[in-house]
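**Q** One letter stands for each residue in the lines below.
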Amino acid sequence: MTVTEYNLCVEELSDRLYRFALKSLKDDDHSHDIVQDCFEKLWLKKEGIEFTKAKSYLFTTAYNKMVDFWRREKFRGEAENLEETHSYEQNHYSGLKPIINKALDKLPEVQRTVLLLRDYEGYDYAEIGKICDLSDSQVKVYIYRARLAMKNYLGSLQAVLG
Amino acid sequence: MINESNYHIYLDEFVAGLLDEEMEMEFVAFLDQHPGILEGEILEDASVSLAQSFQTNLKKEIPLDAHHIDEYLIASLEGDLSPQQEIDLARFLDAHPEFEQNKSLVQLTKVDADTSLVYKNKSSLKKRPAIYLYTRWAASAAAVFILGMLVFRFLGGHGIPDNELADTPVPSINSIELPSIRVTGESIQENADQPNLSQTNSPGKLVAESPVPAQIQEVVPEQVKNQEVEFYALESPELPDLNLLPLTITASNVMPGEQLASNATELSVFQWAYKKLRGKVGVPEIVVPEREIPQDVANIVMAKVAPIFQVDPNGSGSRIRIGGIEINRRSAR
Numbered sequence: 001m002t003v004t005e006y007n008l009c010v011e012e013l014s015d016r017l018y019r020f021a022l023k024s025l026k027d028d029d030h031s032h033d034i035v036q037d038c039f040e041k042l043w044l045k046k047e048g049i050e051f052t053k054a055k056s057y058l059f060t061t062a063y064n065k066m067v068d069f070w071r072r073e074k075f076r077g078e079a080e081n082l083e084e085t086h087s088y089e090q091n092h093y094s095g096l097k098p099i100i101n102k103a104l105d106k107l108p109e110v111q112r113t114v115l116l117l118r119d120y121e122g123y124d125y126a127e128i129g130k131i132c133d134l135s136d137s138q139v140k141v142y143i144y145r146a147r148l149a150m151k152n153y154l155g156s157l158q159a160v161l162g
Numbered sequence: 001m002i003n004e005s006n007y008h009i010y011l012d013e014f015v016a017g018l019l020d021e022e023m024e025m026e027f028v029a030f031l032d033q034h035p036g037i038l039e040g041e042i043l044e045d046a047s048v049s050l051a052q053s054f055q056t057n058l059k060k061e062i063p064l065d066a067h068h069i070d071e072y073l074i075a076s077l078e079g080d081l082s083p084q085q086e087i088d089l090a091r092f093l094d095a096h097p098e099f100e101q102n103k104s105l106v107q108l109t110k111v112d113a114d115t116s117l118v119y120k121n122k123s124s125l126k127k128r129p130a131i132y133l134y135t136r137w138a139a140s141a142a143a144v145f146i147l148g149m150l151v152f153r154f155l156g157g158h159g160i161p162d163n164e165l166a167d168t169p170v171p172s173i174n175s176i177e178l179p180s181i182r183v184t185g186e187s188i189q190e191n192a193d194q195p196n197l198s199q200t201n202s203p204g205k206l207v208a209e210s211p212v213p214a215q216i217q218e219v220v221p222e223q224v225k226n227q228e229v230e231f232y233a234l235e236s237p238e239l240p241d242l243n244l245l246p247l248t249i250t251a252s253n254v255m256p257g258e259q260l261a262s263n264a265t266e267l268s269v270f271q272w273a274y275k276k277l278r279g280k281v282g283v284p285e286i287v288v289p290e291r292e293i294p295q296d297v298a299n300i301v302m303a304k305v306a307p308i309f310q311v312d313p314n315g316s317g318s319r320i321r322i323g324g325i326e327i328n329r330r331s332a333r
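Read top to bottom, the protein sequences are chains A and B.
Here the first sequence is numbered in the numbering used here, starting from 1 and rising by one per residue.
Here the second sequence is numbered in the numbering used here, starting from 1 and rising by one per residue.
There's no promise every hint is true.
Derived DEER-like restraints, expressed as beta-carbon distance ranges [said to hold, decoys possible]:
(1) B:Q101 / A:D124: 26 to 34 Å
(2) B:K122 / A:T52: 16 to 24 Å
(3) B:H34 / A:E11: 42 to 50 Å
(4) B:H68 / A:L157: 20 to 28 Å
(5) A:Q36 / B:H34: 15 to 23 Å
(6) A:D28 / B:I37: 43 to 51 Å
Source of the hints: derived by calculation from the structure; they are not laboratory data.
The C-beta atom is built at its ideal place from N, Cα and C for all residues, glycine as well.
I would like the entire structure built from these sequences, with the hints used as guidance.
**A** Below, the structure is given as structure tokens:
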């Protein structure tokens, strides 16, 4: 990968990687750190990574770093507090968006991650499986379960709100 | 292969009852080998009622009814239904309009990226090309290279003492138009009556002869590399007799010939020039890193050629005078 191609990756993918990390982690600072770390690794290994594979490499690296983050947070017992301590974007939306984001936030981490890769990036099951080290079937199950959980949550709110 | 990095995924599957018998045994064996690994682990509520296991159900014929309508709606959203199944689903919804709400809710689960969320420090992630040349250094190196041309021409293997070379008179200065570089003054074509450099019977002395106009030629590089500074090289490393062949100036950073590879960059051109010159100007051979020439050597060479060449810093570029020709060069944009 040339320097120009690397910079093109920054231009094209940094925002998308950041959104993926932010939505998954719900932590702005760590999301910035992850993006920076991912591109640093890409730069160091640019000689061995083809331009066409850079996106997959970046998202795989980001996912692995997110897993590390979740493990640390769970170990500290802080995971439950994240939702309250990092209201990173709730005020940016209006209408249905906050509710849909709330439904997304309620998903288990793995389900949320595969759903984001599916909807944000348009990856197919096999590509998501490579990034998250899952089988195609596991990815499919997680996506179906995520959508069903979100649908049920949105339906329950609708029932309450009339 | 279950390990400490991915076990939580299998744990989720295990809790949901989705692992097949073989994987379940492997997971249990993993837990036996890692006692205490589940401490602090939040076991997910497997309340998501996707008809037990969709993975298993996919192998069966899932009935299209009120119990499985959500599965069908999700499969439709995912593009997993066959054309016939899509038709069946549409007919089912027509017959049961009460499930239109389910369809609307499932479609809401397709999340869109919020493009207002952007990475703020994007510029800090970008990198500059690896080749950096500073103007003064580049001008020095260019002078080294150009010197090689004249040393070969004037000395021609006979050898001229350095002090005689230093006494060489400086011809009058004219300017020429060069493609792709900034030029001052008149075109050399308009000054064809100006003296040109050539060798005489008196070694090291320059006199005016019948002019041989410089031929300006811009060569498109075969392989243009990212670079900070453009380099204008004198072509022909074999240095033919300039009395017979016109001086050719190119705007290429790729030098033909066996001395330089076809993908040579300006740095390797400079080093090649240095190696050619050091014996001629009395500079001892110094082992230098690949793709570099030492600044002090460049300074020595420049001092020796000062009476012939005038290389002056000129803002973002430099001016080089070769006999009756003045070349203004500047950093690449």
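**Q** If a hint holds in the structure, say so; if it does not, say that too.
**A** Against the structure, the hints come out as follows:
no., hint, result
1, B:Q101 / A:D124: 26 to 34 Å, "holds (29 Å)"
2, B:K122 / A:T52: 16 to 24 Å, "holds (21 Å)"
3, B:H34 / A:E11: 42 to 50 Å, "holds (43 Å)"
4, B:H68 / A:L157: 20 to 28 Å, "holds (23 Å)"
5, A:Q36 / B:H34: 15 to 23 Å, "violated (32 Å)"
6, A:D28 / B:I37: 43 to 51 Å, "violated (30 Å)"
In this structure, the hints that do not hold are numbers 5, 6, in rising order.
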